[in-house]
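As you go down the protein sequences, you meet chains A and B in turn.
Quick note: the first sequence uses the numbering used here, first residue 993, plus one each step.
Quick note: the second sequence uses the numbering used here, first residue 41, plus one each step.
Hints listed in this document are in silico derivations from the structure and should not be mistaken for laboratory results.
Each residue gets a CB set at the ideal place from its N, CA and C atoms; glycine is no exception.
Honestly, I wouldn't trust all of these hints.
To be verified - Chain A is faced by these chain B residues, among others (derived, beta-carbon under 8 angstroms): (1) Lys83; (2) Pro344; (3) Leu348; (4) Glu397; (5) Ser428.
Claimed, not checked - Just so you have them, the derived chain A footprint on chain B, three or more residues with Cβ under 8 angstroms: (6) 96-107; (7) 172-183; (8) 662-674; (9) 1075-1089.
Said to hold, decoys possible - Now the stretches of chain B that chain A is said to cover, found in silico as 3 or more residues with beta-carbon under 8 angstroms: (10) 266-280; (11) 350-362.
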Amino acid sequence: MIHSLFLINHTGDIFLEKHWKSVIGRSVCDYFFEAREKAVEPENVPPVLQTPHHYLISIYRGKLFFLSVIQTEVPPLFVIEFLHRVADTIQDYFGECSEGVIKDNVVTVYELLEEMLDNGFPLATESNVLKEMIRPPTILRSVVNTLTGASNVGDTLPTGQLSNVPWRRVGVKYTNNEAYFDVIEEIDAILDKSGTTVFAEIQGVIEACVRLTGMPDLTLSFMNPRLLDDVSFHPCVRFKRWESERVLSFIPPDGNFTLMNYHVSSQNLVAIPVYVKQSISFFETGPCGRLDITIGPKQTMGKTVEGLMVTIHMPKAVLSANLTATQGTYTYDLATKVLVWDIGKLNPQKLPNLKGSLTTQAGTPKPEDNPSLNIDLKIQQLAISGLKVSRLDMYGEKYKPFKGVKYLTKAGKFQVRT
Amino acid sequence: MSASSAFNDEKGGSSSVGEPEYGHDPASGGIFSSDYKRHDDLKEMLDSNKDSLKLEAMKRIVAMIARGKNASDLFPAVVKNVACKNIEVKKLVYVYLVRYAEEQQDLALLSISTFQRGLKDPNQLIRASALRVLSSIRVTIIVPIMMLAIKEAASDMSPYVRKTAAHAIPKLYSLDPEQKDQLIEVIEKLLADKTTLVAGSVVMAFEEVCPERIDLIHKNYRKLCNLLIDVEEWGQVVIINMLTRYARTQFLNPNMNESLLEEGSGGDRTFYGSDEDEDEDEEEKEKKAETPAMAKRKPYVMDPDHRLLLRNTKPLLQSRNAAVVMAVAQLYFHLAPKAEVGVIAKALVRLLRSHSEVQYVVLQNVATMTIKRRGMFEPYLKSFYIRSTDPTQIKVLKLEVLTNLANETNISTILREFQTYIKSMDKDFVAATIQAIGRCATNIGEVRDTCLNGLVQLLSNRDELVVAESVVVIKKLLQMQPEKHSDIIKHMAKLTDNIQVPMARASILWLIGEYCEHVPKIAPDVLRKMAKSFTNEEDIVKLQIINLAAKLYLTNSKQTKLLTQYVLNLAKYDQNYDIRDRARFIRQLIVPTEKSGALSKYAKKLFLALKPAPVLESPFKDRDHFQLGSLSHLLNAKAGGYQELPDWPEAAPDPSVRNVEVKDSVFTLLERVTTLTSVPEWTKCSSREKRKEKKVEKPFYSDSEGESGPTESADSESDSASGSESGSGSEESASRSESEESEDGSESEEEEEEEEEEKEKKKKKKELKKPVQESESEQSSEEEERKHQRKTKQRKSDSESESDEDEESESESSQSESEESESEAEVKKKKKAAESKPPSKPVKKESKKEKKEMSLLDLDDFEPAPSPQVTPVNTFLSNSLVTDLEGLSLSDTVLSPATIAPSSALKNYELLHRITGEGLSVEYCFSRQPFSPDANMVAVQMQFTNNATADTKNLHIEDVKLQSGMRVKEFSEIELLPAGETATAVMGIDFCDSTQAANFQLCTHTRKFFVSIQPPVGELMRPVFLTENEFKKEQGQLMGMNEITEKLTLDMKCRNEHTIVQRVTTAANLSRVPCGSDKECRFAGRTVSSSSLVLVTVATKEEGAAQLTVNCEKMVIGTMLVKDILLALTQ
């Protein structure tokens, strides 16, 4: 299946390679570099490339390319999903997935890759199992390691792989038993010029952070499970119980994990928390344009909108922007032509406004279309779909855990066309 | 000294940075001397005695490997450390070995012995990792060693090791394809494995080594379907893809009738769009429906196995893993009836929220799907709307999907959406949008004019690319109905002054030439202009100019004769030979000369022939002949190793090949006797086993679930199954009374346990005689005989005198039975039928007679009966007095006459088949009696039959391999088992309340056989008696996670209390607890090893609905028990 893996940074250096079968020379990456050159933007590199003898499947994460070499037929998603799992694991271990971190922990990363695939076929991809075999670095441990010369390899053999609950190791112990759930909903929307909703939907995710002793069996139930239209679960969730009772029953993995993803049924009208009044225009004569944006609250359910931010990808012809913001700050990156207006909290009494002129390159025709606005926002303590967790019960262990649920609404791909 | 100084150096260097710097810096590695020196350091460190030094060195070396630096010259120094005790060092050495062994084969051989030792390690993880590394070092010389190791590991008791073995198969295959045949054998064996851990890996191996051997899947098909949900996600993908292909060869096309239609209409489709007119299709359908081909069709009935696959894969659409979702989606697309395919749309749309690479692949597949099944994605139209932030490749794919989804009803929204896209800054995307509009226009007649107008407006766009693309598309559209649009053609003619894009210019010229009759005034003028700029044009434009000139010459030679000649002359001296050739060719055709022959007459026909409009087709059309989700589909080219998706068969192959032979083992005499209602009981049991194969419950404890079943291979079952038939033959009359008698009997035994053995036996005989008087059942005689046998064990020879008569008849019948079972087994094998046949009394009698003569001659008196079930009672009695007392202490719980569940049928499992055992066959059953030497052990009764011609001597157990904590009490050695004889023995196994198998060697004086015993969960407990109050109290303490509740619908035959009790007690060794309500049945037991309480409640409601509750603090036991009981009740 997966023959080799190359990690390539954005300048095109191969800084890590791993082969699961016999060694394939680096020159195979040249085909990739060619495509990379052609694509201009790194996002536009085709994920699957065909070369005379190999197939290259790559993902782009954290400014890095994970490039895998394939020799025979394999479902491309299989490889892509696995590569993302590798990136997730690295992130899980070291807090982020970047070139620096990987270079600093190259031996651990290499060992992880060794465990994750056997002969190109995934062997252990559950983070809990991996963590038992190769311990993630902690500050304390790295100090101890430098003193004793020990590495991160677990000295006991893992049992998780053989336990009945493959995603949870046995013998977990905590002094404070806590279970936190974050219900995070993202609004994906496209609004047209006049502010009417072209398309809107809500995607939600429940992120869990469970630190409980022993083998707890949790049941999470909702007040209004009917809202959920399409769901996908962490393998720990008992699908049968969901189907019959609409509760999430599971033995949780230890630590942070994504419990479920859901999609709120499209029958419900999606509340759009803000409205945007905008006018961006370029004049036919003279190298300038005008920009005027006002944002106001719409359906916020009485909560404050925070972290408001507007990002605009300006046409290439726009040279500079001379704007005044009544609230927040704006920056215009000349190289990438991205205008970012960081507003912060939305004050309903005094609506934030950004106004001013744009300078375009002299001699070029006026940009034909107006750039669309990408909006970012956050609303604490609100799940915009109205989803509510009703209770969390724990079975199987005697102690009383500390439980908490947090709600958060964010803008997902929230776009206003102009 | 030197070592320590090196150490200091290293310490100083590395501890500060945490890793070697020279790896970062190619310059330092480039200096040869220092590089070598550093390697010397590493060598010294590796040779030192300190683990910390070695570790440091290994870390640096691995870091070098990771960066792609060559570290091969360190091989000798590293390989020495392969036996290092430090597990961290060892692991890194393994990493190194796997990387460089191929290059340094000779040196690598030094490490082999370490791995071979590792393969024998008691720790399964060490065994697994040894096998993993051994199979990963690609050294051809060790192929035989690898083969041996894989074979051994394939029958390892640890599923993890077996999984590793499965992984090793493709490795060995790629190293030496000659081993294929042997490897297939191993694959076949592992395919029969029931653990979820192994399933994915072995199917992977199957796909790589022998994907063509579809026949290996038959027997495992249902099991794979049922295990699927518990297999890890990567395995699921592989299994689903494989099953898709399998199903394509084995089942009939569920859309058979439709696909006939599609084919028919597909042929009729001409240039006008593929999927445009729904109503047109409909008409065609109706037409086709009348054709005789359709009249022949039979009503389609889906194979239950086909249904099973669809049903069991559906929940996986909820997987978090995109690859799994895609695999299920393609399975549904290729296999499901049209009406059911829709379920996958929602899941696929969900994936569009994922990473852009995932989106890319999913959209490609959706694009293909939308061509065949547009309706499926129509409700999700808006999910394919494009955002300005999407990468271009995603935008283009979304556009493709939107175009495919367009129909009369939604075209206006789609076009409005397209309008915004045209304004995008991304010009490639705009061009693609224009193409898409063109396709919508061709496909949907109603909007053709609107689209055309829209496109014409685009002609005044400032961006040249947009204009050019529009021209090309307009050209195609105009070809469909040129008459109506002469003004558009005129408009385009004007554009020639401005547009510079060659393709667009060429398109305009072609249009004018083609339809010069519609624009008779403009055309010559355009030619004039073109003639002027001819030399500066691009080649494609030049060709079109010649073309235009020729056409005009033919239609309007007056005005254009000179112009044409001028153009042709220019072309004659063009640099491009293609253009020169074309000019010469055209001149000959159109200008009549003496030499030009017949062709010039037809020049007009040649040039102005009616040309069909081009078809604007999706590039994804017909891609679905590749299996969706595959690499080949994505590339639209066959990738290496791609397995073609076979066409549906015309007629379904024999579905019975998937029938798994019933696991039922010998139901011997006693079983019948102890069973309440014998016939329904055994049929029930057998079908219960079948159900086991079919079960769909979602078990969480999948690994252990798999292990709960017996491990014998499927083919060895036939014998035992037939045994059960023959056994039930004569004794249908066995009734409750009898079973109670037997119980009484055993009770009485217990009472008498304190007494001397001799006395006891006699007494018992008397007691047992009573029931015998009432009904001349074999039961009693067997009891006798068993006692007898027990005695013979102790004092070998003096048993002959006792109860000769009884013995004789009994042994005769038993002998005949065993004979019969053998012969039947053979018949069975031929038939491959799984169902047990009705008992055949006459046959049996016959064989009895036949047998009589023989058996009279060679039977020894202590020939044991083939019905071992009761034996353990006696056998264990025969042990020492002390242990008997132990047994007694248990007995009051075991035998509480009023409440105890009626004893249930015991099942025999095969331990050793007579063929593999070279004549020796061994069966075992869980006798459900306390094992007296150790109360924490489960008694396993074994029955040895010597079918060989020679005597077998010194039967004993050796080399017991167990999971930690498990213990075995071996049976005492059987010194002699003459040919044709049968002997029984009881051994005790402490399974530690797990369903892990106990593996050991069964040894005779000549041979050793590897065997394993794996208990069903129901046998890991012993009954206890509780009062109703006690039960409730205990149950109250076992709530929460210890309680597992399942709803079920009782089987039709199983709606009365009596059957429920009977089925539950068959499934598990529990005793009934009295209960006030008749709606509830309660059972209680304790696990044998840890004495954890197991409480079972079956509460019945109306219409067969019931709720099963199991309370047990051992969750695993609880869950597995629920499953087993559920099966027993719902079947």
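Handout entry: Ascending list of hint numbers which this structure does not respect
Key = 1, 2 and 3
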